[in-house]
Amino acid sequence: MTPSTLALLSLFVPLGAAVLLGLLGPLRRTGRPAAFVSVAGALVALAGAVAILAGGDAALKPGAHLVWGWLSAGPATAVGIHVDGTSAWMLLVVTLVATCVQIYSLGYLHDEPPAALGRYFTYQSLFLFAMNTLVLAPNLLQAFLGWELVGLVSYLLIGFYFRKPSAAKAAVKAFWVTKFADLGFLIGLVTLYAKTGAFEWTAVTPVAGFVTLMLFFAVMGKSAQFPLHIWLPDAMEGPTPVSALLHAATMVAAGVFLIVRAEPLFAQAPMTREIMAYVGGFTALFAACIAVVQTDIKKVLAYSTCSQLGYMVTALGAGDTFAGYFHLSTHAFFKALLFLGAGSLIHAVHSNELKDMGGLFKKMPFSGAVFIIGAVALAGVPPFAGFFSKDLILEAVEHHHLYVPLAALAIAAFLTAFYMTRTVMMALFGAPSHAAEHAHEPGIDMKLPLGVLALLAIVAGFGGSWLAGLTGHEYAFHFTLVGGAGTAIGLLGIATGFWMFGPAQGGAPIKRGMAPVGVFIRYGLMDRLSTVAYGLMLAVGAIIAWIDRYVIDGVMNWSGWILLVGGRRLRGLQTGNVQDYVYAVALGIVVLGAWGILR
Amino acid sequence: MTDHILALTVAAPFVAALLMLLVPGRNHPVLRVIGVTGSVLSLVGAIYVALHYDQAKGGLQFAQNYPFVPSFGIDIRLAADGWSVALFLLTGIIMTAGSLASATLTNRPKEFYILLLVLVSGVFGVFVCQDLFVFFLFYEIAVLPMYLLIGIWGSKGKVAPAGPFKSLWKDLDVGGKEYAAMKLTLMLLVGSAAILVGMLAMYFAMGGKSFDMVAMAHFKFPREMQVWVFPMLWLGFGSLAGVFPFHTWSPDGHAAAPTAVSMLHAGVLMKLGAFGVMRVGMILLPEGAATWAPIVGAVAALNVIYGAVSAMAQKDLKYVIAYSSVSHMGVVMLGAATLDPDGWNGAIYQMFAHGIMTGLFFALVGLIYERAHSRWVPGMGGFAKVMPGVAAFFTLAGLSSLGMPGSAGFVAEFLVFAGAWKSGHLMWAIPAMIGAWVTAVYVLRATKMIFWGEGPSHEFHDLHDAKRVEWAALWILGTCIVAFGCAPRLVLDFIGKATSEYLPAIVDAAHLVAMGGGK
Amino acid sequence: MSPDLQPLLLDALLAGGVLLLLVVDLFLKDTSKAVLADLTALIFVGLFGLSFAVDTSGSAFDGAYVGGEWPLFFKRLFFAIGALTALGSRDFVAERFMRRQGEFYMLLTSCVLGMTLLPGAQNLVLLLVAFELMGLPLSMLAAWAKTEDTKGQDRDAAEGGMKLYVVGAASTGVTFFGLSLVYGMSGHLDLAGLAAAPGSPLLTLGMFLTLAGMSFKIGAVPFHMWVPDTYQASPTPFVAFLSVAPKAAGFAALAAVFVKGFGSAAAVWAPALLAITTLTLVIGNLMAIPQSNVKRLLAFSGVAHIGYMLMALAIGTGEATGVLLFYLAGYAATNIGAFLVVNAVGGRDADVDIGLFNGFSRRSPGLAACLLIFLLSLAGIPFVVGFWAKLYVFIEAWRAGLGWLVFLGALLAVVGLWYYLQIAYAAYIRPPAADREQPVAVDPRTRLAIGVCLVAVIGMGAWPSPFIENALAAAKAFIAH
Amino acid sequence: MTLDAYVLIAGFMFCIGLYGVLTRRNAIGILVSVELMVNAANINLAAFAHFGRGIDGQVLVLFTTALTVAEVVVGLALVLLLFRRRKDILVDLANGLKG
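From first to last, the protein sequence lines are chains A, B, C and D.
Each residue of the first sequence is one higher than the last, beginning at 1 in the numbering used here.
Each residue of the second sequence is one higher than the last, beginning at 1001 in the numbering used here.
Each residue of the third sequence is one higher than the last, beginning at 2001 in the numbering used here.
Each residue of the fourth sequence is one higher than the last, beginning at 3001 in the numbering used here.
Calculated directly from the structure, the hints in this document are not laboratory data.
Where hints are given, some of them may not hold.
[Claimed, not checked] Below, computed lysine-lysine pairings styled on DSBU-like, alpha-carbon distance capped at 30 Å:
1) Lys2029(C) with Lys1209(B)
2) Lys3098(D) with Lys1170(B)
3) Lys1385(B) with Lys169(A)
4) Lys1209(B) with Lys164(A)
5) Lys2476(C) with Lys2260(C)
6) Lys1315(B) with Lys169(A)
[Unchecked claim] Just a few of them, taken from the derived set where beta-carbon distance is under 8 Å, the chain B residues facing chain A:
7) Leu1041
8) Val1044
9) Pro1070
10) Gly1073
11) Val1309
Even for Gly, the Cβ is constructed at its ideal location relative to N, Cα and C.
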């Protein structure tokens, strides 16, 4: 089969699963059978992605392009698929992680009622379709369609436990914030259309600067860049596999993927790139600071995701697309691994809180081991996956003389290593909590995805040059001063973490250093800000609605009332005395007569 | 037979209404069957028209003339263009869903169905009528039954006295259903008065011989006349389209109206207003339209954001949806004001998309109200547990309303925004886009407050999901939202065809106006 | 002078009918006098039918009376109104004024005789005689009260009749005085002579005094103030008659004197008439809003309608006059129907409060639907005759360059809808009072009359063409002669 | 006397009559005042006829006289009716219908 056929398969089989489950209520409500439908769909999609890459990059070099007119006949406003190295690899990453997560979910959500489980897997299938729509987009229009759809599924999945008020709140917050950012996408899209008449990735246009700036605004929302990252920590209200898939590996990385795809546009906009580098660098540092003081294991990972996305954005801002893309891929694997591993721990102790864990390594060696693999990969320890991509990013940033972002990334690297060590120490070692005493390893359905992802987290870094070749870049690992320094900083972070939270300390909660700063930033500033903004909007709404009801509508009522009162006043003339009536006649003839004579 | 398909489609509901006169009022099943049959027949007619409209040829098809008042040059001229096809379909769909949704009505169904069917005949007529005068007649038929429909079958609301006009409350009974019905009727008829005046001005400017709209489109009215007649038509028709500040009938009217009436009114009738502005105001008076377009667009942009922000503050569910209609009709008017092909296509498509979406919304609100006996959003919560189907459809409608890709609403809004941008009116497009975002805020907030969270509290003891025939309406409309969102060209091609026929003349006129010459 | 009475054939037969009624009345017992109503209706129907069969063109009395399409249109209108009134009055009158039925129908018929004579009059003498022949019975009929009954519907009949009489008598004096000046300045009493009179201030004064005097009969503001009081007090079936027939006759007289007689001086009187028109439109509509008595409400609504008709009169062209005829016919059908329904609902109550209509549609759905249609026609809603009537007036007004008046008229039509809907609201939306849940009793003849009105209202609304053509032709003949 | 004098007298009479209608509370007084108005018109008609406007005016005087008689008869009947109902004939007290 040709790459385009395979890509269509990967695209539409999950959609088919979603539609099937969506329309067939009875099937959906059976729970596990429904889940198998979805998993089967994901497996087919994965097989398609693998087959595309297995077909060799000869077929992918020019890129298979297949479009149908959507808003009108003709290619200008078309949808379809575009399969080249970049999208093929991304397709593989997405389908692979999605498959892992879906299989994992079978175990993780074992205790959910069947109807809820069916709903969950319907969303999962829909997500895969939406994400593939975005990945395979032949133009920005379709990218936007996919972009919005993944946002929708994110909303639905965060709100999966919709009866929980905090989850409901988090779901709508996520939607509002990302949708607000999406205004940027829409504006950029419309501008591009207005100026070029189409939505091509490769458009050359004088407004590229504006368009890319707007696109980046959308990326800031979806990829959780400061200050639009506020939704991501709250999004952890969703089930942990969802966090792994959407809010760590794939959906939040869509922003990065978008910039990678739209490279020709961004290349025309150096200004935008510079802004990106600074925003990314700041986010990397900022989020890492907050991650240090989190007590909820998922929140640690969420801020870590934020921070890592900052890395990618900085790399893209430095103009090194491949560095960003590479980190996207490795991050997808190890962060999904971390989340799923964390999920395994959570599943065991029924709590997200680090203080409820502790000493779990002994009870759950497999989960603990894979979690540690993920952590070291994230910390950038060679030869794990994160090392290579992070090294490349630092190198690229240095190469473009972006020293401020570079410094931020370096500090972030230290903090990353530090907080991951802290997390590992607090969760896996030290004195077990009461809840942790009955913890045990999950079943095979959860172990299998963990194993696959752990493997990838170890080896993915070595595929760098292959990936570069696939996507038309050049890359070979070589030692540089800045990269080495980065690694050293990372190791220093681990050491510090070990020193502070190691067995000697017994996983004591943090009370030193930057704790107040982080707490302030997290709870004092950003949350307050979003609450204030929301409250302000509601207040404006209330004022406008009041004006509408009592002033605008009041004027309407008033004009009717004038008639009513006018009529009532006039009734006073009708006195009932017939001579007054004759007076009216007399008045009439006097006026008429005067008019007649004087005219 | 097929030559007269338009007349047959227009007449089908009316004939059904006449048939009902013969049925005793107690015989509910027969009445229901006649009502639904009349609606379905008109839907079949609409589909027939869509299938047999020759897209390659375009223009006015299925044309038929029926003499009416020859001495004043009034004929019933029926013919369909691409827009008619799309809006015919919309009306058929909404009416079918509406008649299904009111199948559970037990209070005087005979009168209800008769009025509803007469109304919908008028709507069909407007969309295919090529005689300005008869256009107006159909328009009136579509508007007037509203009074009784709301007055008799409506529900009562209450508005606390406040504000600078507080003293009016004791005289006007603000908030009641009769107040709403009366306000709606009077405001719309004041609009009609303006339309009538504009219409007569056009009739006499053309020599007082004929109301033929095709002839009028070719006739070049004097610039000065266009410039004062267009605003008459804009505000006249616009009052039905909820143009600020003549939108205030809409929240009260929709909130008071019974389910099927809200569906039809917000779903189809408001479109008549916007359709009138475009079909009569803009196409027949291109220079007037070009002169006024900046103001029309600015008011429309205001409508979008104003309606959305107002909706955000509403606590009564029906008011939320009603204000959202005001906001969405702003999108339609914005598209119309762009005088750009994408903008116009978007405007008509938004009529279509919003019609279906809001029809679904009102159907759902009706279901919720029927079960919860309350429309007070803050008091609800957790309804998704007991009515998951309703929750799902409500979410779907909400997504269309906020312009989610894959739903019809996205296509429409996107085209309108693109049109606004292309016509160089950033200052319209940005408020409109922000308005679309505010839509997301209030729709999801409402969804959250109604369906999510803990609950439902025990005061809502007879909540249950949709049943039997109620599903039909939901499925019809829900399917349409997704189908027309995924495959917009099903109707967009028709719309685009007609737009491409009408627009060039207006663009030329806009150039003339911009140059200040062209007399 | 060879009295060729051919043009007056119908009028002569009607005069015979008056006598016949008088004579028959003598031979009937009180209990069987109700048959006089049927006889009256029969006379009118017969004459109505005959009007299609005989040729009444030509002139009589040495040119003082000219037949033709114009008078014929009015005659048919008056015959129809007379027949409908007689049918609608029958049971009402028989129940209340059992002994005085003969006089009632005799007066009604002679009143119609005055009206039928009027449109053809080409001479002020004949015009005045016909005008008075019409006017005097009206006062009597308006005061037609059952003196023993001091609480029921005719409680205030004497007062209402007296008001009509006093304002009417004063107006007659004004008319006479005005016409005397007109005669003095022009030297002629025939309309053709008036047309040739040279302008002078006294002539204008006379003209305006005549206008004022005649405006009383049609109830134009500010000569309208008797209208609501008299309508409220008088027997309702008679109000149905009073609200349409004298108006039509008054317009015939005004058209004769002004459009025809002073046609060349239109520039003088048209502005004055427009001022009256505007006042009438505004005052009539505004004062109708706060009314709670349906008869008063319809009275003020009638004043408002006179405003629309005056609009057509003020334009003064042939087409406008034709439109006026159409308006009169449509208004007659609508208003008679409305008042007959009001009579049925009001029953014996002294005041027909809107509250009496509560739940009407549940009590008698058919009758309520009729009322609704009449109200819609009054409001000027499409597909009933009132719409076309207003529309034609607007079209003609626009043609005459009175765009502002069209706009005002259209806006006030919306205001009109407001108060008409108040009745519809009570009838359709409010529940019936506990003691009034049974269907409204309507006698068969009233039912017939209402049905005829309904058919006319819907027929002329759905298919106005033949009627407007007929009216235009009549007006054309009138102008051309 | 000249025509102007007749017309002036007639005008004066008409005004007196109108004033009477407006001010007399007694119904009979109003009837008499109306007579004055009509007779003012009659004086006009007769004078105009006399001063060369032809015989028509005099003919009309005869007619108006007859019509006025009829009118007064009706008026007196109404006054009687009013009296039977109210036991007085003061028109300004008969103001039950208003508004």
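A quick look at each hint next to the structure:
no., hint, verdict
1, Lys2029(C) with Lys1209(B), "62 Å, violated"
2, Lys3098(D) with Lys1170(B), "24 Å, holds"
3, Lys1385(B) with Lys169(A), "17 Å, holds"
4, Lys1209(B) with Lys164(A), "69 Å, violated"
5, Lys2476(C) with Lys2260(C), "12 Å, holds"
6, Lys1315(B) with Lys169(A), "18 Å, holds"
7, Leu1041, "28 Å, violated"
8, Val1044, "25 Å, violated"
9, Pro1070, "38 Å, violated"
10, Gly1073, "35 Å, violated"
11, Val1309, "5 Å, holds"
This entry does not satisfy hints 1, 4, 7, 8, 9, 10, going by the numbered hints stated previously.
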